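Asks: These are the residues of each chain, in order.
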Amino acid sequence: MRERSRRLVGWTVALLPVAVGATAWTAIRSGRSPDERIVVSMSALRSDWLLVFGALASAAMCGVLVLRARRDRRCRRQLAEQSAESARDRRLLLSRLDHELKNPLTAMRAALANVTASTDGADRESGLRSIDAQVMRLSRLTADLRKVADVAASHLDRRPVDVVALVEEAIDIAGGQPATGGRRLRVDLGAAPLPRVVGDPDLLVQALVNLVDNAIKYTSPGDRIEVRAREAPGAVAIEVADTGPGVPEADLPHIWEELYRSPGARAVPGSGLGLALVRAVVERHGGTVQAQSWLGHGTVVRILLPSAGAPGASLAPGGRTDRQKAAEPAT
Amino acid sequence: MSTILLVDDEPAITDNLAPLLRRAGFDVVVAHDGDQALTRLRAGAPDLVVLDVLLPGKDGRAVLRQVRQERREVPIILLTQVGESGERAMALEEGADDYLNKPFDPHELVARIRAVLRRGRPAGGAALGSAQRLRSGAVLLDRASQRVFRSGQEVLLTPRATVLLAYLMAHPDEVMTRERLLEAVWGWSFPAGTRSVDTRVAELRRVLEEDTGNPRLITTVPGMGYRFSGVVESA
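Chain order of the listed sequences is A and B. If you use numbering that gives the first Met the number 0, the first sequence corresponds to residues 0 to 330, in order. If you use numbering that gives the first Met the number 0, the second sequence corresponds to residues 0 to 234, in order.
Extracted from the complex, chain B is given alone in its bound form (with noise of 0.2 Å):
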């Protein structure tokens, strides 16, 4: 059974997610600050840390960093409150895993639990959340320049686009829905925001992609959404 550290410190939350996840075949600890957070991380090692970013003392994003400086490699799941996109950028640059804005659909955040612990950690690696470099075939990320490279030539992409491809690298496989996407890369989902992601979608494959027409790395998922095909590695 895998455990989860959640950390938010509105007892409100806790008390209610703590059930749902234990329901979900979860174990849960409880923390409400960010160094009882820390503390429960050093002793006992959780499968997956829920991280609230607004916490009193230590904030979720200090705790995120020191985890990261600490060479842990737990996936975080943070849970935003500003819905602000650069937030967002600032969180994967940092190593989060995935993200969610407050209030969430509490099944959404089972489902995003386990798909992160699916993902696993490739052998030898770091979590691809917390990866400095990504790199899939020709293609390669680095989060912290935020600069993105093909068969070794820096290409240039739009600041968004970046950051969605930032996040289709860190999941894999997985089928991302456009209101998902939104949600994640853009801050807000807004009914004419799918538009704006198959926009950077298409500018993705035109820079990344050998056939544009016949997309091997951004595929579509038809009625669905887009997956990330190629296969990531951290380098």
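The shape of chain A in the complex, shown without the other chains (with noise of 0.2 Å):
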């Protein structure tokens, strides 16, 4: 009601000195107000030149709010695919988040039926072991939407943060569990020294340890995993290849998505929030990431974090350049 009553002065306002001088030029004409030339030496009526002067501005108005009308539009157009955008995201997150806690609910009343009924120990034993795993199971998956949550939203620390440190502490987190079993990890930091990135470590350990228990989660005893780091412009690229069976085309677009789960991929357990974490984390550090796969030869998963300087990346307090940066050797 407002918008429209707003539109309605505007385009009054901008009518309104061609109105002026028409309805001056008729009075003139008609010979109701008397008229004198105006002294130029162009030859017109007073009337003449109200005309023209006030359809001229007339119709530079009317131009600023055709304009403006159509920016409107634009925008409202924008906004609406926007807002149904995220419904859309909304409804899906809610359908996958339905499907993620209803397995855990339907093992838990199923052995809550067999702790009823059994009177052998080693059954209710069994039965309580199981319904504490899923209470575990759903524990974990509220922590980690909190975590995924969270980075969205909170403070960040913001400290020159050294990438070999980091790789080699995620690969001593995430190699260091039984299940890397028969996995190849290698490091491969290239010669050249890399630049430090400015972020949080903590987070950004955790992303690095995701990608990598990831590449363990999906490959067999006997695949390679290889965690490489190399300077690109302006920034730093991790990347953490696999040769594992790879991720196929259609489902790739999504695996950065939170709960999503690979229809070929529902047997390996997990949440499907460990990728849309490391998603949160990398662009909340002004970084981006990107993955490539080759169904049954390997998979690339790759971030790239802005260095330190560069204008991606925030400054930490006593923040240096970019050269001092570059020529600073790696630990």
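All the pointers check out, no bait thrown in.
The calculated lysine-lysine pairs, modelled on DSBU-like cross-linking and capped at a C-alpha distance of 35 Å, are:
| id | chain 1 | residue 1 | chain 2 | residue 2 |
| --- | --- | --- | --- | --- |
| 1 | A | Lys216 | B | Lys57 |
| 2 | B | Lys57 | A | Lys146 |
| 3 | A | Lys216 | A | Lys146 |
DEER-style ranges, computed between Cβ atoms:
| id | chain 1 | residue 1 | chain 2 | residue 2 | range |
| --- | --- | --- | --- | --- | --- |
| 4 | B | Arg22 | A | Arg185 | 46 to 52 Å |
| 5 | A | Ala164 | B | Pro10 | 34 to 40 Å |
| 6 | A | Glu230 | B | Arg41 | 54 to 60 Å |
If you're looking for bench data, these hints aren't it; they were derived computationally from the structure. No experiment lies behind these values; they were computed from the predicted model shown. Beta carbons are placed, not taken as given, at the ideal position from N, Cα and C, and that holds for glycine.
Reassemble the complex: the two chains are provided individually, in unrelated frames, and hints are given to aid placement.
Replies: Put into structure tokens, the structure is as follows:
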């Protein structure tokens, strides 16, 4: 309503000059009002001048109004598209969440029925263990969901972080698990020293651990996993490559979405939040994530983090220049 | 003793459901994906299959289709995960005998298994759950086209009433609570939903019964729900 009245006022003001001009012109021409020649070398009635100036002013203002209306329409359309998209995302997330909750709940109901009905001590115990495992799984799910939401919103620690130390710590954490068995983990940091990145080292390590964990989860003993880091223009590129089965092309764009599970990967345990967290962390640091995969040959996940001093990275307190950074030997 | 083939990719579910079913007096065979399920089906002949819809590789619906294509009449109870009634209608069409929404009450699963096994299969005909066409007296329902005929004349029903009729006809003589019908046909139960069931039943009676005041096909079980009281055969 307010919008409409504002538009009405706009058009009235825009058309007012030409209306005044036209009224004056009519009045003078019909002789109801005296008219004197304006003293300029060109000969024209004052009413003519009024009409011309009025029309010009009106035309200019009308033009502005038309342009503004068009821009408003475009904005509104964009907004509608955005909100439709976010509604779609929300629906998708809810249905995925629903699915993630249903299986543990089904298992728990069955286990509870077993515990209630059973008189055998061993049966009861295994039922209770199973319930405990499902409760843990649900707790992990809520904790992970929380983490993704937190990363996107909370305050971020920003200090220079050494990429080499980052990679080494991540390998230490992820590679130390028993599940790594039989996979060959390799680190390739290149010969050239790497610039630092700016950010929260704890979050960045977590993101890297998730990537390596993922590679371990989706490969079999005998496969190779390589963590590589290189300097890229204004950034550091960290890649985790594996020789696993690969991700089908249709699934590839979705792997970064919250709770997405590739239909072929349902047998692998996980909540579908690992890569979503990686993306949240990297994007929060002004970086980008990207994945490439060759079915039957392997997958390369690549994250780009702006190097300290690059325009994308906000400088840490007492931030130094790019050149100094690059000259610093990597530890 | 009846043998149940239990198909779910979640060990947490099969580990807990299998002992429960065994305690209820069934032999249980477990499969964790679609291909394994088909292999087990061809190897032994289970009396009933409890089949999860979301499976790695070949999913539950594909398994169901394949089983019916191979003209196996084994009764199948689907465990659906997505509570969409469209999926339910499709499951009916593809020949599931019943379906349950996760997370279900495990005792309810046992009750459904017993009901389906008791229903058995009509002599010479396909099991009601997998029959293409169901007939009860003058009423004929074609599953694939979702059309209903009365004395050879097609009658017009709302899509939901058609699915409700298909569900009732596939479970003749069983008492159906409004909640169960809601869950099976509508896909979820909501507090005001029991009214919707009554409305659709009234629609079915109006169109299919000789005397709406004294229904013979869909009868009311006071205090419980409804029952399809007509004799149903696959046609």
